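Chemist: Here is how the chains run, residue by residue.
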Amino acid sequence: MKIGIPRALVYYYYFPFWQALFEYLGYEVLLSDPTTTHILNKGVKEATPEICVPIKVYVGHVLDLLDKNVDKIYVPRFVSIRKGVTFCPKFLGLPDMLKYSLRGVENKILTHIIKSKTDDISGYNNYRDLQRELGVKGKIMREALAYASKKWHDFRKLQQLGYTTEKLLEGQKVKQNDGGLTIALLGYVYNMYDQFINMGLRSKLQEMGVRIVTFEELTLETIEEELKQFNKLMFWEFTNKILGAGYHFIHSPAISGLIHVTAFGCGPDSILGPFLELEAEKYNKPFMTLRIDEQTGESHLLTRLEAFTDLLKLNRKQERIKKVDIG
Amino acid sequence: MKVTFPYMGTTQVYAVYAKLLELLGHEVILPAKPNKKTTALGVKYSPEFACYPLKVIMGTYLDAIERGADTVVTSGGHGPCRAGYYGELHKKIIHNMGKEVDFIIFDEPKRGYRQFIENVKKVKGDISWFRVFKILKTVYYLSCSLDKLEKLFTRKRAYVKDKTGFNQAWEEIIKRYSQIEDVREIEAVEKEARDKLDSFPTVIPPEEERLRIGVVGEIYVVMEASVNNNIEEILNSLGAEVERSHYISEWVQESLIPFAGKRAEEIMKKGERYLEIIIGGHAKQSVGHIIDYKERGFDGVIHLKPFGCLPELITQSLLDKISEDLDLPILSLSIDEQTASANIITRVEAFLDMVRYKKYKRRERRISHG
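Taken in order, these protein sequences are the chains called U and A.
Residues 119 to 445, numbered by our numbering, are exactly what the first sequence covers, in order.
Residues 117 to 486, numbered by our numbering, are exactly what the second sequence covers, in order.
Hints listed in this document are in silico derivations from the structure and should not be mistaken for laboratory results.
Note that this is a predicted model, so its numbers are computed, not measured.
C-beta: ideal position from N, C-alpha, C; glycine also.
Check before you lean on any hint, since a few could be wrong.
[Unchecked claim] Rough simulated footprint, nothing fancy, chain U against chain A, three-plus residues with beta-carbon under 8 Å:
{"no.": "1", "region": "162 to 172"}
{"no.": "2", "region": "183 to 195"}
{"no.": "3", "region": "426 to 437"}
With these hints in hand, go ahead and build the complete structure from the sequences.
Modeler: This is how it looks when you write it as structure tokens:
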């Protein structure tokens, strides 16, 4: 049986887990193609017009898998990966949305609820529905989950050692060059690593001699430490991660500036944005918000990135001059 | 302490919330009904992609603060809908503007008992618990009574000739309600109000020509007439009876009074057909209400949501399928600061024409078959 996994949303965070899980259980895993104009357009056509572009991309990938004739499409329903904090409602309703708005997928959606207390989603209770659906023995499922969990922790460790995520997902280990500038990119994995949707944002920055840091490179403890200052956490776990990471980067002198990458109409980010912006202002840290959607033009993006990095370079030069003057 | 609060649900703002705070002995700075000025203010100081209710409420806060309010009392929430975080964000932005305003945000007690009790103490002041209980009881019954009347009002207005007079009478009724101070007065006031509404002559068409429209969606835009361009009045003026999915008293029953939410549970159960779990906001209730309206013989449903509303976007994705399965016309409207009333009127008018035609066709078929 071929199980299709859409190359979208939290694929960029959990794929190593899923791959290990299904391969251990003896299924063939098939990924949808990397996002293309064709895939995006299909998603845009079928999804509700007002919904954010990552969901449109996801719909496009599901349709791509349908064309590839997979037997099942794996769409887990992510409810939470931290106690009391959920995902964006669009994740919560994702399987329902697909089932009732696309033709031909009803019987192909393979779904189960994930309610985990931590990032590690290998808790056996989450997989009972899946196990029943696939007709796997409990013992084997437990083994597979343990194996997947180990694989996923390996992946996360490598991320934290500074290996780039896009290469890790392809099974290669590559580290970034150390550029002159370090910029923190804040954003959800699906906007960050989908080269099509962000128009090669990361490679463009790297070409400009920038070293990029993201929240995945931080350990969870670092993020937790920053989150302690909030008396009420946000309701969406990845938003919290970016909030914590953002504050950490803003306070860290090694970071020259921050770019918040967000999708047009992203609800959680509309709440997160002011918290980052105001904090960056307070610490006098250059901060830019890049909003992307299916209409974004590449030259617009390039111009803004160039202007931002120029500004950071100028900042650094002036600081050096100041230091010389004082010395 | 000069207190203000979020403006939601025209009918109840003055009669219920303001009353509650007044009875508790606070000086209340009434929030203005959202208008062009307050909304422009809210849009200016809110994040661009925040949902519309956040901006509207922001505007009314700023307006009330200008008029001297120094404390905001509001509710929190647990997500995943953004509304639960409004308080925190409003606080952050307003403080950043250099305004020293105290925010009393009521979250569920289990999120922090100490904070909750502190909040209660602040709002309660020196009043005895017995008196507080009495006040809550009065306000709750008042709100139930007002909601009952409002349902009658939006049903009847469809058939009243003198709509201006009828609206005026309604405003007088609300004013009368806001003078109530004791629970024992309610019955008499309600009777008086009913008589008043009944005194207007109506022309009610035969049963098969009556149009019933349900309004579902995100709670703020559904309840707040000044934000949804008076959609209920538009529907009434076009000759349709209206019922909406949210009324304050029902919200209180569901969320605050234990074991009183039977009807709400039933609605949730119906929503399960299309939404397996609760995804935040009132998405599942919206779906449940649509099914419920169909079962109760309504002719069409209007779905309202603020632009970009997270949970209702999922509902919206399901609407085509629901409409097809139930054979029920559904119109979905997104509302934000750009929405023009001419747009809404035109779309609602076209929608009603379609609903009416559909109903007519069905009857014709039945007659020819019969």
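Chemist: Hint by hint, work out which the structure violates, then give me just those numbers in ascending order.
Modeler: No numbers; nothing is violated.
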